[in-house]
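Given next are the chains, with one letter for each unit.
Number of protein chains: 2
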Amino acid sequence: MQVYDAPLRDMRFVLNELHNDDGFGDLPAFEEFTPDLTDAILEEASKFCREVLLPLNRSGDEEGCTHENGAVRTPKGFREAYDQFTEAGWAALASDPEWGGQGLPEAVNKLVEEMICSANLSFSLYPGLTHGGTTAIEGHGSDELKQKWLPKMVSGEWAGTMCLTEPHCGTDLGMLRTKAEPQEDGSFKITGSKIFISSGDHDLTPNIVHLVLARMPDAPKGVKGISLFLVPKFLPNADFEPGDANGVNCAAIEHKMGLKASATCQMNFDGSTGWLVGEPNKGMAAMFTMMNTERVSVGIQGLGVGEAAYQSAVWYAKDRVQGRSLSGTKYPEKAADPIIVHPDVRRMLMTMRAYNEGCRMLSAWVSRALDAQKHSPDADVRAKAEDFTALMTPVVKALFTDLASESANLAVQVYGGHGYIRESGVEQYARDARICQIYEGTNGIQALDLVGRKMGAHFGRNLRSFFHPVSEFIEESKGDGPMEKMIEGLERAFGALQLSTATIAQKGLADPEEAGAAATDYLRLMGLVAMGYCFAKATKVAGLQLFFGTEDKAFYEAKIKTATFYFERILPQATASFLAIKSGKKSMMALADDEF
Amino acid sequence: MQVYDAPLRDMRFVLNELHNDDGFGDLPAFEEFTPDLTDAILEEASKFCREVLLPLNRSGDEEGCTHENGAVRTPKGFREAYDQFTEAGWAALASDPEWGGQGLPEAVNKLVEEMICSANLSFSLYPGLTHGGTTAIEGHGSDELKQKWLPKMVSGEWAGTMCLTEPHCGTDLGMLRTKAEPQEDGSFKITGSKIFISSGDHDLTPNIVHLVLARMPDAPKGVKGISLFLVPKFLPNADFEPGDANGVNCAAIEHKMGLKASATCQMNFDGSTGWLVGEPNKGMAAMFTMMNTERVSVGIQGLGVGEAAYQSAVWYAKDRVQGRSLSGTKYPEKAADPIIVHPDVRRMLMTMRAYNEGCRMLSAWVSRALDAQKHSPDADVRAKAEDFTALMTPVVKALFTDLASESANLAVQVYGGHGYIRESGVEQYARDARICQIYEGTNGIQALDLVGRKMGAHFGRNLRSFFHPVSEFIEESKGDGPMEKMIEGLERAFGALQLSTATIAQKGLADPEEAGAAATDYLRLMGLVAMGYCFAKATKVAGLQLFFGTEDKAFYEAKIKTATFYFERILPQATASFLAIKSGKKSMMALADDEF
Chain A
1 MQVYDAPLRD
11 MRFVLNELHN
21 DDGFGDLPAF
31 EEFTPDLTDA
41 ILEEASKFCR
51 EVLLPLNRSG
61 DEEGCTHENG
71 AVRTPKGFRE
81 AYDQFTEAGW
91 AALASDPEWG
101 GQGLPEAVNK
111 LVEEMICSAN
121 LSFSLYPGLT
131 HGGTTAIEGH
141 GSDELKQKWL
151 PKMVSGEWAG
161 TMCLTEPHCG
171 TDLGMLRTKA
181 EPQEDGSFKI
191 TGSKIFISSG
201 DHDLTPNIVH
211 LVLARMPDAP
221 KGVKGISLFL
231 VPKFLPNADF
241 EPGDANGVNC
251 AAIEHKMGLK
261 ASATCQMNFD
271 GSTGWLVGEP
281 NKGMAAMFTM
291 MNTERVSVGI
301 QGLGVGEAAY
311 QSAVWYAKDR
321 VQGRSLSGTK
331 YPEKAADPII
341 VHPDVRRMLM
351 TMRAYNEGCR
361 MLSAWVSRAL
371 DAQKHSPDAD
381 VRAKAEDFTA
391 LMTPVVKALF
401 TDLASESANL
411 AVQVYGGHGY
421 IRESGVEQYA
431 RDARICQIYE
441 GTNGIQALDL
451 VGRKMGAHFG
461 RNLRSFFHPV
471 SEFIEESKGD
481 GPMEKMIEGL
491 ERAFGALQLS
501 TATIAQKGLA
511 DPEEAGAAAT
521 DYLRLMGLVA
531 MGYCFAKATK
541 VAGLQLFFGT
551 EDKAFYEAKI
561 KTATFYFERI
571 LPQATASFLA
581 IKSGKKSMMA
591 LADDEF
Chain B
1 MQVYDAPLRD
11 MRFVLNELHN
21 DDGFGDLPAF
31 EEFTPDLTDA
41 ILEEASKFCR
51 EVLLPLNRSG
61 DEEGCTHENG
71 AVRTPKGFRE
81 AYDQFTEAGW
91 AALASDPEWG
101 GQGLPEAVNK
111 LVEEMICSAN
121 LSFSLYPGLT
131 HGGTTAIEGH
141 GSDELKQKWL
151 PKMVSGEWAG
161 TMCLTEPHCG
171 TDLGMLRTKA
181 EPQEDGSFKI
191 TGSKIFISSG
201 DHDLTPNIVH
211 LVLARMPDAP
221 KGVKGISLFL
231 VPKFLPNADF
241 EPGDANGVNC
251 AAIEHKMGLK
261 ASATCQMNFD
271 GSTGWLVGEP
281 NKGMAAMFTM
291 MNTERVSVGI
301 QGLGVGEAAY
311 QSAVWYAKDR
321 VQGRSLSGTK
331 YPEKAADPII
341 VHPDVRRMLM
351 TMRAYNEGCR
361 MLSAWVSRAL
371 DAQKHSPDAD
381 VRAKAEDFTA
391 LMTPVVKALF
401 TDLASESANL
411 AVQVYGGHGY
421 IRESGVEQYA
431 RDARICQIYE
441 GTNGIQALDL
451 VGRKMGAHFG
461 RNLRSFFHPV
471 SEFIEESKGD
481 GPMEKMIEGL
491 ERAFGALQLS
501 TATIAQKGLA
511 DPEEAGAAAT
521 DYLRLMGLVA
531 MGYCFAKATK
541 VAGLQLFFGT
551 EDKAFYEAKI
561 KTATFYFERI
571 LPQATASFLA
581 IKSGKKSMMA
591 LADDEF
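Chains as they are written, first to last, in full-length UniProt numbering: chain A, 1 to 596; chain B, 1 to 596.
This is chain A alone, in the form it adopts within the complex (with noise of 0.2 Å):
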């Protein structure tokens, strides 16, 4: 059965309990969201997912899109809950209040992502990717673009889409055909197709606002000739509401493993009128802002499936009896023990417990630094704080999503036969969440960006934001009795990561191949050195509220349970990483193509 309430506890812990010191400051452009008001935004968000989005989430699977007479319909009643949405203001609440957003922080926002991915993640889809496009246009629009398209867009009222990839390419968007012809009025016509694009049509908007990446005619070959476009479905009207239809058609939708009902559609657009958004040429830099944004924003829908496929499996494995536990019967009232009782049931259910608690605090840090990059009054802190997101970006992506997918899976296990029936609704889980590994740039290239681009930008600025504060902690947290332990283990695998940074480093100045043969090692590695970072932090932390009297002191043994099972049980993993990474690329490159 699929079973949601949103862990208010642990988010208020990440919120506003766990990242106070961590440079990134109180904003003072967020003086007005208190604790007391973020609360009641989390209370109201974890209702509406609760009631609203969850109820259709096993029916938006079954049913899924339809393709018919060129327009694509979504399942029952994903139209009245995105009424629903818009209107509460969900859509608009990360936005600028210039548009007609509310200004949520991230810190705050980040958790009613997950929230919203936990109930649906098909769902989450259609706001998720208007606001990418809105990031795009707000980055590099023209004034004009912005003060036209962006209300519409910030409310919901319209929705968004990003066209990136061709039949021909994906990861190499240099390959890419969509030609934009400029017109006399400075607009230009778009034609080309393009698939894969979520949101690309559908029945819950008047208006859909494609960014279209094309070439202008005499554009440089590759990446440098890519330009980013606006293109809108039906052309505005003198009054800005939908006007004639633009040209852009939907050819059809693709039959997914899951993510069903998310239409994911075949694009194509015909002499469509579009605008430039950005310089010419500057495509990629555009697209980046919106891909960059879009990154962190698919980890934290894998953190939300995670959360879903964990609370499901807690609910089965309490409800289900079998066998009787191996220390003695447990309920004698009951025909049998209820197999959470099992250490084997255990396991799956602690190591999605872990990871998801992992990924949480890790998503709050990174979002105290999407704040802190964009309001803090200090130019050192901006800096630092978009060295932090710019390294954490890759590793939230592909992690998390790693990590969704091994939780979906683990919890379809503890399901046993039944977890295999669509009707328990959990195998959903692993089906959806396997989609975020490969979108917005699959698993694989994060880890490449992470170790080509990131890891040494700036001399190794990047990783020094993240390196200083590990092991300054490791450094003020050593001798601290009770945490002896799990610092002596941050430490050795902070060491692991140091010393597979200079190995990359040195090797892959040489042989780039060496760098690539050892990213997909590196990310986990530095994932799981910043999980165990944040949760021995998180000890400290429930120590001292432990120590110094506290009324919620479940929470507290709960999460130090949880942060001992990481150690022990997840973190020697990092071992594995680094002996992988240090073997280098010999025997991974040493088969010739054809010899496979």
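Simulated from the structure, these hints should not be mistaken for laboratory data.
Keep in mind that the hints are not guaranteed to be accurate.
Unchecked claim - With a straight-line Cα cutoff of 25 Å, these simulated DSS-like cross-link-like pairs (lysine-lysine) come out:
#, chain 1, residue 1, chain 2, residue 2
1, A, Lys330, B, Lys334
2, A, Lys485, B, Lys586
3, A, Lys221, B, Lys334
To be verified - Which chain A residues face chain B? A few, computed with CB under 10 Å, are given here:
#, residue
4, Lys318
5, Arg346
6, Ser405
7, Gly452
8, Arg453
9, Met455
10, Tyr566
From the three backbone atoms N, C-alpha and C, an ideal C-beta is built for every residue, glycine too.
Use these hints to put chain B onto chain A, whose structure you have.
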């Protein structure tokens, strides 16, 4: 695209070259199965799988089984394929000639099984379950039952099933409720409901023979009161052809994550006539005869899917062009290099390859033991072989299927966005493979079987059947120059396994939850060592071939390269498993049930 060609060269390697010194000997019973003959069988099977079964794999997934008016229809083409399958004698391959079988050694048969599962996992279940049924009847049934029923089942004319699970009991069969009331003629009336019955009903054969677990009146409680019954769908008439309906009905079929062309049925038995198989109240023993056969076969299912996923991924990695090699353009004549040049794609392909080759080598070893345990003229060898298969059955089942899911998901990842689209065919492998980790005892149950039953059995005799050859091999290979690093790696991992064994044995004696908490990591560790041993042996065999000169240089060189990859990139996982085992149960069991 689903691509599959049986890896015949590698199959001949594991069959004829790798395990000749394993002590299980060349069996006189199989003298007639010369390499020439087995080659011809493997060639023929390969052709049948590629030409008949593979083309029905994706269409079977799309169409699925249907349940109308109480009858199950398999997807288009399945019936014709099944007819061809039985007519060509594939169904009878491994069965005893006494009942019309062809008496093929398991060592060869398991390779054919692998091919069938690669080509069409859903299809494989129809003959697979029948074979499980014949094994139980052969092992426990009366002569009358055998002579009546086996010929029909061995030929595949009639199919079979195993009816164990009920809605409230899967793992914990002690709770089962299906009743068996004795009749005056010695038969029984069987009444009850079973779920998750693979091939419970279908249109491939005119009759289906169910093997049903049920309780006689006044039977002892729990598993000691369960008996096994043979219950046909139609009662045979005087000519032993299907006669009157026997009150066996399929109430519904399950809608599953994958394996959609295999009918998973809810079966009702309504006073159906059945005959006791084996002794009253000894049904669990008979059930385990089926189950153990099936468990190894489910491992092979995993290997089959893993191989198909690997081949499909290799095909795509050579076909899809995207980006340029980090070490400079490799295919200047193409718009971009095929993605097989990228180290991270290599990582995924090599991982799948190493998993498949490792599992195939281990499976070949176990299959030789299965043959020796039945057919060796030497009682000591038979006993040793039985020890070894008992130990390895849970390892083969759980390890192979865990790795299969990993491989299938890696294949999806190699395809990127295209892999998430059903049309590509690879996401089907991920959905199909997923069930193998669950049915015939979840992989957690396999791990418990290993630590709780197999590890300590006969004062460690089962273990010694594996530990002895490994330690002998390490001793005799030390100082073998080119293999030095490999042997060191194997020795380290084997040391970790021995230490873990001692730890679990010691702690588990005082507290069975300690063994439970270590089980899954211990099984993985043993699997990693077993594959490592096989890869090291293979390297030795290949090295000798290369040293003395061989026409098949490319094969042996590739084998050594894959083995090297295994030792450098995969075996290091053993350390993580070892550390997890060492940490004990405490952090796993620390949260109270209601703290979740």
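- Satisfaction of the Gly452 (chain A) interface hint, Cβ to chain B closer than 10 Å: Holds. Min distance 9 Å.
- Holds or violated: is the Cβ of Arg346 (chain A) closer than 10 Å to a Cβ in chain B? holds (5 Å)
- Message: Quick check on Arg453 (chain A) please, does its C-beta sit within 10 Å of some C-beta on chain B?
- Response: violated (13 Å)
- Query: Are Tyr566 (chain A) and chain B close enough, Cβ to Cβ, to be under 10 Å, as the hint says?
  - Reply: Where the cut-off is 10 Å and the nearest Cβ of chain B is about 8 Å from Tyr566 (chain A), the hint holds.
- Identify whether the interface hint at Met455 (chain A) stands, where standing means a beta carbon of chain B within less than 10 Å of its own. Hint violated; Met455 (chain A) Cβ to chain B Cβ min 15 Å, cut 10 Å.
- May I ask you to test the interface hint for Lys318 (chain A) with respect to chain B, counting a Cβ-Cβ separation under 10 Å as satisfied? This hint holds: Lys318 (chain A) lies near chain B, its Cβ roughly 7 Å from the closest one there, short of 10 Å.
- Item | Satisfaction of hint between Lys334 (chain B) and Lys330 (chain A), Cα-Cα up to 25 Å | Between Lys330 (chain A) and Lys334 (chain B) the Cα gap is close to 66 Å, so the pair fails against 25 Å, i.e. violated.
- Mind checking the CB of Ser405 (chain A) against every CB in chain B and telling me if the closest is under 10 Å? Where the cut-off is 10 Å and the nearest Cβ of chain B is about 7 Å from Ser405 (chain A), the hint holds.
- Message: What's the verdict on Lys221 (chain A) and Lys334 (chain B), does the C-alpha distance respect the 25 Å limit or exceed it?
- Response: Within the cut-off at roughly 15 Å; holds.
- Message: Given the hinted pair Lys485 (chain A) and Lys586 (chain B), is their Cα-Cα distance within 25 Å?
- Response: holds (15 Å)
In summary, the structure is inconsistent with hints 1, 8, 9 from the numbered list given earlier, while agreeing with the others.
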